[in-house]
Amino acid sequence: MIAAIGGFVVPHIEYTAILPELILLGVAIIVMTVASLSSRPFPAGLWAGVTAAAGAASLGAAWYMSNQVNSRGPHTTIAGAIAVDGYSEFFLVVLSIAVILGALVADNFLRREGLDGPEFYVLAMVSAAGAMFMSVANDLIVVFLGLETLSIALYVLAGYNARRRESHEAALKYFVLGSFSSAIFLYGVALTYGATGSTNLARIGAFLAGNVLVSNGVLLGGLALLIVGLGFKVAAVPFHSWSPDVYQGSPTPVTGYMAAAAKAAGFAGLLRVLFSAFGLMRADWQPIITVLAAVTLVVGAVLAVVQTDIKRLLAYSSINHAGFVLVGLAAASAAGLSGSLFYLLVYTFMVIGSFGVVTLVGRTGDARHRLDDYRGLARERPIVAAVFALLLLAQAGVPFTTGFLGKFYVIAAAVDARSYPLAILAILSAVVGAFYYLRVVLLMYSDPLPAAGRAEGVALPPGTALVLVLASLFTVAFGLVPGPIVDFAHRATLLF
Amino acid sequence: MIPVSTASGGFPFPILPAIVIAPAIAAVLLFFLPRGRPGLAKAVGIGASLVTLGLALAMAVRFETGQPGYQFVVSHSWIPAFGVSWKLGVDGISVFLVAVTAVLFPVAIAGPRTGEDPKGYMAWMLLLEAACLGSFLSLDLFLFFLFFELTLPPMYMLIGKWGFENRSYAAIKFFIYTFAGSALMLIAMLALVFIDARSTGVVTFDLIANTTAQHVSSGIGAVLFLGFAAAFAVKIPVFPFHTWLPDAQVEAPTGGSMVLAGVLFNLGTYGLVRFCIELFPRASVDLAPLMLTLGAVGIVYGFLVAVVQTDLKRMIAYTLVADLGVVVVGLFGLTTQGISGGVYQMVNHGVSMAAMFLLIGMVVDRLGTRQLTAMGGLQARTPILAAVFIVVTLSIVGVPGLNGFVGEFVMLLGTFLTHRWWAVAAAVGMVLSALVFLWAYQQVFHGRPTAHAAGVAVADLGWRELAAVAPLVFLIVLLGVYPRPFFERINPSATRVVAHVGQVTGQYPPAVAEGARP
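As they're listed, the protein sequences go chains Y and P. FYI, this note's numbering numbers position 166 of the first sequence as 166, with every residue one higher than the one before it. FYI, this note's numbering numbers position 276 of the second sequence as 276, with every residue one higher than the one before it.
Isolated chain P (complex conformation) (with noise of 0.2 Å):
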């Protein structure tokens, strides 16, 4: 039984329902507002994320540490008729993405210039933030299952309505994808849920409940997990399933861009933990071998595609598919230190993802170009933005003292314990991660200023922009410089993951390597 805790952690009233419902109400309330304001649009929509912001850093503060289970749980019964319960809960795995969400909402919204209607941009972004925040707090299947295809239509929008030239072809692509992948997940969900009621005699959506029931066959249970594993590997998303991802990122409006990089692909990464892994613990044994593999391919397939990239955004949406194929094969180590890496570098990934978007958007908007050939030289006439981009540049290509280092390190550790040779590769392909990054560094900033870039005037960054992107660098050096809280908050809850498999399967991971010691 995995331990829950229902403590309020001091709050007055239930904090978990009230960090999903408040961006929920205020993307309501923006629908009621009168449609020439546009100022008042973007304060009602920086304020609500920004009150969001507060409530979950408040409950990542009260988060005890030490703890493996879930805390601060809500739970009351919705649909009685289906098993279905209204039930929230955070624990060491989700509580920094949930943070890590609720910062990056303020700074995608206020951060990159808004288009047209702001006020329809707002509503839209934070219901996105309700869905990502719900799906990373729900404790009932359906529940979770909800949120998750909630965060499509705002993504739809978002792309469709304010996106760059090809949006409603990038638009259309992703949702289908997406969709695609969840319609498999909710088939197995409710076979499994159906196959545990025949064993307890009673339908229940519970995570928990679930997770502890285990009565699926070993056969079963690998066709049930590569329904859930679908939905991931396209959200994430893993190789071969990546395809929509480039159209989307590059079409995308750059705070969707940073929404997408930074909190939806840790949706899935947080989807394989959470649910694939728990709730499929053979499964995830027998299979993991796969899911290493696809990991690993996306790496290097992600870098060496990424390197021949003339658009600067889909050159950067490229090595999307290679870092998150580096959490995959972190996670798929089924170790402690995998899967808290594995946690510890999605947030970090979101962090630097977001970062990189939002300084990307900023080149393009002075530029007016994604073309990496049209650009160059910008060095010289906006020093801060370099500056800034190459910290990020950095955090992103693991070097020690930023995040990025750390994230990678502990994870790829983790995953040398059990399944070595995928940890070598993974590390190998992460080597390609500078060459990509730098590269592009090099074509936007050093050089000589193309004729094209020659012709605009740039200026740097202004006190606004500096304002958006201070906390994402401010986290990018403290995650590198001091994990140890995050850690402590993690471990734990990875302990538990990787006990859970080991009670299912009997199968421990060793805490050395093998043939390390004599």
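Next up, chain Y with everything else stripped away, as it sits in the complex (with noise of 0.2 Å):
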């Protein structure tokens, strides 16, 4: 209780729960302090070989916390504001991945605009500790501190680029459609504390098993503005009209850590909110889920294949890839919750390494982002080019690739949910899907336009070439043995 009568009585803090979340932060803060007191410049790469690291340490103490809630058993703690159990770990992990790669997609951009500072990782790395406290978050008012820490954070990340006139854009756009939505959430937050008389997201569950609401209007509409609001994180349709925008006009290497991290701790909230808190009210919630899934996947697919920009086409994919999470979530199941986690875990990879190619291609300026500057990449670039091609296969569900296991994970929970229509929706859009990506892949194995500006080549820096081969790696090596990562999803139960 962390009012108790008589003053204000600290709760007992289990430190190493936060741990993750408390490393990012901290070396954030070194790192931002360091900085600002030393007026000589750092040689170049050390801020994201810091963060690189601090996603590391991170991603260990997740991987620590992760076996101890195997051997030992979930718990909430902080004032049952936290939840430690395998849901929260594997979220962890999921950032903590996001983390290193980003930084590492990031430096060589950095370095490249003229933009290199310890600036863009304190950001990065706080914006990751934000979505680590929404993954973690036991208690809605905790998950509106990740989802602020996060969002804001990232606001600043997508208007980065100072020089150019569309990241600005991005940056207002993100802010203003951002900061409507954590309003949208904090009113959901306020109507359902006012119908349950908490904000515990146990407490809530509890409540609902052991009351029956005569009238739940307060209620239900406090369920909507929640997921109004996550959706809006996650991309949902029609929650997403910002996201090609922001998605086209940030830096590139904010992007795809976005599309990876900020996809992730939405859910994430989403995930919980709705199973832990309304779990009895599935009734309610599950068509809601249905038709959002189902808008999402068609909109997503049939909109990514007019689109002449490969960031747009990326971000108009990543909806449609929300939305086969959305399918895991709508078949309420266990085997759904895994197969949406398992989802977020691959896609993490494959969206980081795709966007760092992209980030590659837009050369000095971030600006060669047509479809035709992909034509014959495989000539100049057969390495790049076929990484290119194996994370956007994968993307689109080729066999024995990460991505289609998990398309057939959250497609079979459907099934199983006997939600056919949904399933088949599901899939047919991976058709859709498959001719965008595929047309990408060809362009990039025809022959090269007559040298036009062709004179700046694509360059291959050592920082993103680690992300490509760790993205292929993983995406290739687990699609061939998915066990490992199948239990790791399996494990990741919700305590509730």
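Quick caveat, the hints were computed from the structure, so don't treat them as lab data. Treat each hint with caution, since some may be false.
What the hints assert, rightly or not - Cut-off 25 Å, straight-line C-alpha distance, at most; resulting in silico cross-link-like pairs (DMTMM-like, lysine to aspartate or glutamate): (1) P:K42 x P:E116; (2) P:K173 x Y:D309; (3) Y:K173 x Y:D245; (4) P:K42 x Y:E380.
Two chains, each in its own frame: build the complex with the hints.
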């Protein structure tokens, strides 16, 4: 109990439970302090290295906690506001990976664009910590705190390339719509609190289990607003309109990081809120999520077809991917939940790797993102083209990649839950998806245009190369031997 | 229960995984080869496909006759959480399809001229080979689906990068059609597995377990049957799901056309036997008239449309719709003869059609056009090419002594026992086949050379081309005059399938046609 009679009682704080967040926040503060105290320039790549190391440390901490949960069982801590369960640790692992990969891609980009500095990495680490708090939160207030920490850092990151007008526009758009959705979310929290008397997810669940609401309009309103607020973060249709513009305008490494981390965090919040707090109201939210999933799948896939800009194309395709994750959620079953988590894990690698390639092909100025810029890439840079082809094919769901398994997992859950129409819709949207992914692949492998503005070649710096290797290795290796990550997703169960 | 033998057949290593993995490894190796060595890439491609051929032939030779069940079975748990295992096995139905696949790929790789970037071409071809072989050998629904889907990206790239003028459109059409078809199969497959799991309590994608389970009611079974049939009907392709075929077949490079005609269509017909009929016997019996009708309509339609084509490749492509319709009619007679003959005809058709497209590739390369109106008079200028062409033509139209006759005869005999009028329709349709092919031959080889044809210098078959087409002609004759060793291996498994259908439905096909004896 935080507010005891007669004063403020500090709850027992189990620091290991939030160790990954503390590591990232701590390193962020140290980096900021050190960088501001010293006037001399720092060696290039230092901050990226520090960030990647911090990500690795938080990955280690998350892995340690994950094993703890396995052996000792899940629990809540810090006055019930933080859940320590397989689900939390799963997302901590995913987000740590996103930080590491994101920092490695950003390093070269920032140096190339002359933007290198500690601020970028500080913001990335802070946003990751916010995302992590969303995943471990067992209280709507903590979800909101995490959401805001994540979002505010991302608003700034989206506008990080101050020299590009598009970057400004992206930041402003993201900020306005993002604040709006945060407000909606907060209003949802308030209504839920009004209806149930608590913001704690476990206690909301317990209240709903123990009481029958005669008129539950307020509660339903709260639930709906919560879904809208988080649906915005994951770019579910019809709350997606910001994402193509923001994805297109943001610096490319930020887009990749955002697509992975913000989406994962949004889903982490959404899934836990719906399952833990509103598990008993499944009959109310399942149809909503089913419709959201269907619309998201279709709109994402269909609008991606007509894009001529790779970043917009990937933005719409990422909307389609969000639809797949929602399919798992719409099944409202344990299998669906682990399917959604599995999808987010494999998507993290695919999307950061893909945007890594887009960063390279964008070249200095970060402007060459037309699909035609990919024509003949295979001749110029066979390895980069092959990696991109692999990652795109994986996103399309080609067998023996993790992308296929992710789609299979959620569709299997939908079929098991007997929602056949949604399953068929999902797989048909994958057919459409294959169309636009393959088009890019074919472009890369067709003949280059007669040398027009081909002065600058596509460079492959070591940091990005490492990301591409990691992403493709993960995608293929676990596509061939999926056992370990399937088990990992399987173990990521919720406490309640 | 289907008998399963896990005996290694005397091989010191698991032979079936080796057959699948050998081309896949070579495809990956090719990726790491240096770019500027086209000769080396070709050597690796041909070498790997020949190694695979050796393994497949060794497997076919060691295959025990008189065994209805699966042989050389290997099974490893793969994704236990989904009940998926890496399970491969071969029976009489798949053994020759594997063998003919392994024969056709080296020919398709080495025979036609490869265009630019031989490294990529070889790599995609080998990946396609691995996927096709894997599909024929999988005894796990999930694994089958993986391999079945894995055939799409390589074929897409082969058409889209190495094809003719209109290749992008054709490649995308091919991909979207077949992918959409298999999408329905995936849903049907999952539904089947979960329905069986509700009765047995075990989620498993094992083909044999699901074949034996038979827990679906007849109504749901029919829906699931249609889900599977959709994938195969698009792949085969059965009328009216064939519209992607002429485009893909015309635009594909010669090697791709050969593989499409010789191997990929077999995947569809094979799927009908292995999955539609074996998994859903009751629905197969109930829906046989539908499948038979689609097949029969396809026969007549395919030949009629073929006759009016002016593009040589497109003309032959339409005959594929008809020929494959014949196989569907054979299979859905649901008799031992029909299924045996159907499988035999898949092998025949694969060999003959691959040879046909190889020869067409040679004609088109020489004349620089696919238009029949611009051809003519080749017989006098290239007598060897003409001779080989006529042999292959006769084999396809079913002249006795060559392979086509044997398969079609046995197959239609089987269908005649149970569905007489469809067999009659099919037989009548096949008369049209002779019309189309002889008409094509006449236009290409007889008469005077047109102005265009006379204007280009043509050489007769070189030794490399002869070497490529020789094994196919050899098989055409062998399959035509000495079918016994093949039927000895196919028959027991075909009998098993028919017995399984009988067991589940209680309907056994008559041994002779009704009213044939007093």
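Do the hints match the structure? See the list:
{"no.": "1", "hint": "P:K42 x P:E116", "verdict": "holds (12 Å)"}
{"no.": "2", "hint": "P:K173 x Y:D309", "verdict": "holds (23 Å)"}
{"no.": "3", "hint": "Y:K173 x Y:D245", "verdict": "holds (8 Å)"}
{"no.": "4", "hint": "P:K42 x Y:E380", "verdict": "holds (22 Å)"}
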